[in-house]
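Colleague: Sequences and hints are given; from them, build the entire structure.
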Amino acid sequence: MTENICAVAVDAATYAIDKLYSYRVPDELREQVQIGTRVLVPFGFGNKRAEAVVLAFRGDAGGRKIKPVIEVLDDTPILSAQQLKLAAWMRERLYCTFFDCVHVMLPAGLWFKRNETYTLAPDADLAALRQRDGDAGRVMQLFDQPGQTLAVSDIRQRLGGKSVTRVLDALTGEGVLTYHSNTVQKSGDKTEKMLALDMESGEAMARISRRSPARMDVVSVLADGGWMSQKELVYMTGVTDAALRDMVKKGILRARQEERLRTPDFSEVPPAPPPVLSAAQQQAYDGLAALMDEDAPRAALLFGVTGSGKTQVYLKLIAHALEQGKSAIVLVPEIGLTPQVMRQFAAQFGDTVAVLHSALSAGERYDSFKKISSGRARVVIGTRSAVFAPVERLGVLILDEEQDGAYKSEQSPRYHARDVAKYRAAHENALLVLGSATPSVETYYGAKQGKYPVFTLTERFLGTSLPEVQIADLRGQAREGRSGVIGQQLEHELIDTLQKGKQAILFLNRRGNSRVIGCALCGWVPECPSCSTSMTYHSASGRAMCHYCGASIKITGTCPVCGGTSLFTETPGTQRVEQELHEKFPAARVLRMDADTMTTKGAHEKLLSQFAKGGADILLGTQMVTKGLDFENVTLVGVLDADQSLYAQDYRARERTFSLITQVVGRAGRRFDTGKAVIQTYSPTHPVILTAARQDYEAFFERELETRQALQCPPVCDLTVLTAVGEVEQQVLASLLALKTRLQSLMEGQYADVKAPVLGPAAAQVVKVMGRYRYHLTMRAHNTARWRALIAGVMREFLLDSKNRGVTVFADENPDL
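First residue of the sequence shown? That's 1109 in this note's numbering, and the numbers climb one at a time after it.
Rather than coming from a laboratory, the hints here were simulated on the basis of the structure. Hints may contain errors.
Derived pair list, reagent style SDA-like, types lysine to any residue, alpha-carbon separation capped at 20 Å [said to hold, decoys possible]:
1. K1530 - V1212
2. K1301 - R1362
3. K1516 - N1922
4. K1608 - V1698
5. K1339 - S1320
6. K1156 - V1180
7. K1270 - K1301
Restraint ranges, calculated between C-beta atoms of paired labels, are given here [to be verified]:
8. M1344 - A1398: 52 to 58 Å
9. E1136 - A1314: 37 to 43 Å
10. K1559 - K1876: 41 to 47 Å
11. L1908 - A1534: 41 to 47 Å
12. H1288 - D1135: 23 to 29 Å
13. K1876 - H1288: 37 to 43 Å
14. N1223 - L1137: 20 to 26 Å
15. G1914 - G1681: 34 to 40 Å
Idealized CB from N, CA, C, for every residue including glycine.
Modeller: Okay, here's the thing in structure tokens:
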């Protein structure tokens, strides 16, 4: 490296000022600073140490005075050139910083925590400093004597959580305080002490007193010249740690530290023979393998009904990739799916498998990352963020249940794993397989446009038939005055299932905090006249509101269609349903699977294993039970309330409902018994309910595409949502209105070529979170580079304007509203 200026992405840079910053590389660090390494740099007026990633080198500073790099944090680059290109691509499309994009690619355990401290000058006049006005005086009162050091976290805590960064910077500039920062990696390598004989076993025995049989046992165990961990030696011989240290000191034993990876252990999973494919599966596999063999960027949709055996096709494809010396990434939407999926893959590919998901500890994720980046793992299974896994020679990238909303990140950077997967496949000559029984409308639309081929599995594996589906009309239950969540039809089927010794899965269809209101007698649900979508109920104001344009209507408690007063607002929670099940079926064993019961590590695997072994009769859960689960004794599935997601205010509401019902119905009768499914709904004639009951995706898609075209929503057009957040509601609304005016002004002039209507401001589904109000603007326009330039420009302008201090704004493409 001859260049002495490096361009870095800085952690401390906000979106408004984000760019590549130049720093001088001191001569002593020339060999260490490389593209892809992390460094510490002085940033801002106070020259606080900030973490940064080197993205490029520049040869000339142009006569400007450049600050130097302080420290290099990595021995070798942690990001490849391909990953850095991916980060730049994401940054340009997702309205976030360079560092946001780099950060999301690396495991939590790899990041550094900074221990920031301030030291009072030894000659400081503490008495005078304590007399200062405002925050400066309060900070000085925390110090007891000159020369004392306090941590920033301690200062903030003792001042009641108040941020005093500017005051501390000012005092540092005066020379009153001195700033220090130390960095420590959050998760280091885990090592284990290993021991071996350092002499012949006979000589070792001669040097040990016969009064120490435990030490003699140690020599016997190590007599073959091998190494053994200290923990194992203590367990096998009963020797103490002190005795082993003494044997090392005397030269009888030698010691070394050996790295141990904190990755999930699949050694107990017995190897399985390669899967035997049916004729339909073989045909799909042959077509997909041929695409992979082209060694060019390719994508395909594997469209198979529930239970058709898509996983067997995945396994064969991955084996084919490994034979060619390539690697594979498999994404699943839910953590709950990984234990079951992992066992299948570990049985086929053994120790070459690595897992990545958020339920792992920071240390486990760090070690899985190392196993992958070193090439020891060539098959990666994980949730959304596993799409960034640094595998060598990517051959195939599989998105199972590709339609699932969990693949979209709700935190910056707000990426969709499917888009990142497309980028990686295109730039690494890999095959992208999108697998689903209910493909997203965007994916199927692309296939219909001829962007990629479709391979279809129309029959269930082993020839089992699809479940018999019954639609239960809850309106009749309300008229009869019947209370409870379990309707008469579902109750009858549950009794029959339990009497036969079979199992049932009950699915409570809830979506976050969305609140649907409707009439339990006639099925009326309020719809926005301007946006052709249902409205969301806000109990605080007693109004139903549109989250696109902000329109609202007063809910009086009486149905405007039939005059009934039986209005429902939301489905009872899983806890209440569990209680009802115990009351109706006291002998039944019920397992509940939701966010409340899945808090401990390994809870998913433990509960599903218990159910698979017959440890319960009924599995009750939320979306966790809808996808990927395969239990041969389950013959009944019940959807407790299909309307909660059907009428959620989101252009994907109908698609999500169709997918959820189809998926959960597919959990029944997956082996030899014909399954049954009961869908409870207040809208028994709704087209989505009817097509889901028939498992008729084509009919659903055609009708849904017509609606999307009318609404100008994806895949026909893109949706951009600008959200403003702040503690003062009126300030949030005022600033957002000013932003709307600015957007409209620009689209009348400089950006007239990308003109689009701006809807709002409208309240977010949950208006106030942790004391901060949230409102947004919605725009329908094609996501072009020109459009992104407009949005990025007004966002930076907004964030730099002092009038908007206290309000932040962020943009999201095609989000769930």
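Colleague: Could you work out which earlier hints the structure fails to respect and list their numbers in ascending sequence?
Modeller: Hint check: 7, 9 and 11 fail, others pass.
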